[in-house]
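Colleague: If you want the building blocks of each chain, they are given just below.
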Amino acid sequence: MKFFWRAFALNLLLILHVHAGVLVFTAIPDEDESKLKERFGPMSEYLSKTLDIEVRYVPVKSYAAAVSAFRNGQVQLAWFGALSGVQARSTVLNSQALAQGVEDQAFWTYLIAHKSTGLKAGDVIDKSMRGMTMTFGSKSSTSGRLIPEFYLTERFGESPDKVFERVGYSGNHSRTLRLVESGSYDIGAINYAVWERELAAGNIDTDEVKVIWKTPAYPNYQWSIRGDVDGQFGAGFSDKVKAALLAMDDPKLLQSFARSAFIPAQNSDYAPIKRTAKQVGLID
Amino acid sequence: MSPLILNQAYADFGGTRVLGPISLHVQPGEHIALVGRSGAGKTTLLSLLYDRRRSDITFIPQTLGLVDTLSVFHNVYMGQLATHSGAYNLINLIRPFRTQIRAVTAVLEQLDMASTLWSRVGELSGGQRQRVAVARSLFQDADVLLADEPVSALDGPRSEAVMQALIKQNTTTIIAMHDLDLARRYANRLIGIQDGTIALDAPSRAVNTHDLDALY
Amino acid sequence: MRSTRPEHKRWSVLSAPLVRTSLWLLGIALVCVWLADLQIRSTAPWSELARFGRGLIQPDFATFDTAIVALTRTLAFAFTGVGAAAVLGMGLALIFHYRVVRIFCAFVRSIHELFWALIFLQFFGLHPITGVLAIALPYAATFGRVYSEILEEGDRGAVEALSAHSGLISIFWYARVPDLWAHLTSYTSYRFECGMRSSAVLGFVGMPTLGFYLESSYAEGQYGEVGMILLIFLITIGSLRLWLRPKLVVLYLLAAPFLLGAGLPIVWGNATRFFTVDIIPSPLRNGEGVAGLASWLGDLLLYQALPGIGTTLVLTQIALVGTGIVALLTFPLISRLFVDRFRQVPGHGLLIIGRSVPEYLLAYILLQLWGPSMLPAAVALVIHNGAIIGHLIGRQSSTLRLRPDVVGGFNCYTYEVVPRLYRSFLSFLLYRWEIIMRETAILGILGITTLGFYVDSAIQELRFDRALVLIFITALLNIGVDSLARTIRWQLRLRTTPAKLEAV
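Protein chains in written order, with our numbering: chain A, 12 to 295; chain B, 1454 to 1669; chain C, 912 to 1415.
This is chain A alone, in the form it adopts within the complex:
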């Protein structure tokens, strides 16, 4: 019996064993997992080849889990939305935004509506949507929550949970699309890139759901890296990663991101997002 418990305890110690020397990255789960795998599988191969070290992609279940993994040092690199990037970098000293897609300089959110609402596309938010049901994406999504919540609050003079009969959080953009398409929610807020890509792929029934409003442009997704990677992987490592990201030109890989190319980014690009998040009350 004693032997048995000792072996059991030893086993527990063994699994605490740590392995270093591998670059681990993650991404916010803003779309269906199969889409993410399609994107980040080849991505880790590309980084591994270019940087000549072992690279591993870890899928996570929520935006918060991605931010926590970055903050906790379990991943060194991450593909964040604007808000999650701001949240993550504010918790890790010297961490920086490395690169963003060309499209991320000026990103949009679409408000989409089910046909039963009778809402029409317009230049301003149609006030008759008061009292309907509305779904955001993830609670920590920039395009799926922060930005649309900001503009809705501005337009109605009160927060969405007062304007709408019900406010939901679908979890990601793919689900927002499906929930509004099926009529589970009247209105949804969706990342324009996801919408356009799904539209082009013929995955949207435009008789059922259509875009009714487009937000003003704002900066969005970016690659962020922790401040301590140079110490871990050797001097100049973050610059090497940055160069690798900017040099990415495989059309298939770029297409999986729905981006035409990656360009340099810096923390200050996201100052407006930080201000907005404070206004909406998502960060202290």
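Bear in mind the hints are in silico, worked out from the structure with no lab data behind them.
Cβ atoms here follow ideal geometry from the backbone N, Cα and C, with glycine treated the same way.
Treat each hint with caution, since some may be false.
Footprint (simulated), chain B over chain C, 3 or more residues, beta carbon under 8 Å [unchecked claim]:
#1 1307-1317
#2 1326-1339
From the derived model, a few chain B residues whose C-beta atoms are all more than 10 Å from chain C [to be verified]:
#3 Q1461
#4 L1477
#5 D1521
#6 L1635
#7 S1657
#8 D1664
#9 L1668
If you want a taste of the chain C side facing chain B, the calculated C-beta under 7 Å gives, among others [to be verified]:
#10 L925
#11 L1162
#12 N1322
For this one, chain A is given, so just place chains B and C on it according to the hints.
Modeller: Coordinates of chains B and C only, in the frame set by chain A:
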């Protein structure tokens, strides 16, 4: 009613013969006392008889089969569940009908139990419980009564009252009992069971003490 | 003799204390139904449900190997977590007579394993230890309580016969354990089955168990894949008795820690930071002092805790009564008194499915199908808990011996069986009250605005200080309901030991 007939009937339990083969003819109007040592097979004989035909028979098992959580009223009323619809019974469970209360009270009065009408059966003494089971059987108002030691927990005068009520209510009775004196006074036919077979079957007037002693 | 006029004080079952308690619960639940939002939101809920049903009937085995890996992980987490909990729990049981231990256990137990996982994720991250501890901690607290109850009930005669110098440990192993072994192992194996469910659900927060794959497949509408995952989960739980053999358990426990998967390395600094920074209320961190703390706490209580508590209570009461109704309606399906052995098979199947699928998973599925409201959550809770209680009282009813001349069918149900079983039925139901509430709170993570919703929001916003306060409130609410249920059980003189109730 038609006669109750057992023809070369037997009962096995776990591969061993516990009763029979037994042949028995019971005519309407007969009041039979089953006597014999405990374990002789009286209970088994009663259940064999009970298995023959059900609709006009009422049965008081030794275990009584009462529902402790329900009141005396409901336990007695259960004798007539089969004559009413399920909905009627359900309503009566929640809010007893006046007519049923009167009918049940009348039965309980014969047994000196009217004051316990609304007591929960679980709170009653052994003798009171036995009389509730008797009341249920009386309330069922069947032709034939099969009873397994229905007065074992009652004192003299009370057991007399119960026996009287049972004989009066049912045209035919077959009652297992160990009080030989009581058996001889209320039954007109005595059947003695010994080792799973009928050792004695005679009109009670014709049976003497010696015959009975041989059974024990 | 008292003169009584029975006609004037008509007694009905409604005036029995047990029934009166039930009616109070029913009345409260009806008010809650009126308060609750129970609409079906989606426009085509039934066609989607049918599509889902087709997936279940025609499972898709293309990704079978991934699912088997996930199943192995699920088993590994359950074995490691429950195994560690059993050892810890036995230790706790031996010192359970100390008030501080009892309070500690009650508190740890009142926090759901998913909340524990969310807490541990903050400092261990996606490392297997997060999942193992999330199971081990609350389970150890439960084991502590139940083991101590089992030990209390056992016969102490053998202990008193031994020399006082035999040593506490030896006395324990020689004079106590052998006597109670069967009782202890049957309860432990029941909890292992619960551990399997917990382990699967931990996938929803990122552990590599079945829940992880189920969530992905479900979100993408791969119902065939969902069907496959559910099928292998059900088969594994359904066949528990076949492979959970005492000798094999030793083997399983030794192998399990190696099969948890690697996860990500732990950075120990995070644990320190969690306790010294993360959970310190932000006004204190930012030097706003006690005044700032008061307004911070006030806002948190008023705008999150209070509405969260309201919704949690409303949903709990509805689910509790619904559970009771479903249990009373379904137990005849598996009772010898109503259905013959052969026809019990579909009933057994139904109840096994109902109690094997975790309510979190059921709620997740129904939420996607019917849209967001309390309805899917309530239905999930009712199905799962109703099946558990239905199974228990169904089994108990089969041991009842009715008189031979009893009438069958509905009359037998209302007059003979239910009155006899009502005591243990209510006792089971009151025991599950706290469990239902704990589960109700956690369903908030799926988007129903119970306390879990606000906890999840706080964690999504990386505000662990708020999350911890809300989790603490949830725990207090659970402890409150638990002691209320205990008081009621005590007043009605119902059996109180869960060990007896669960491991029947």
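Colleague: Which numbered hints are broken by the structure, listed smallest first?
Modeller: 5 and 11
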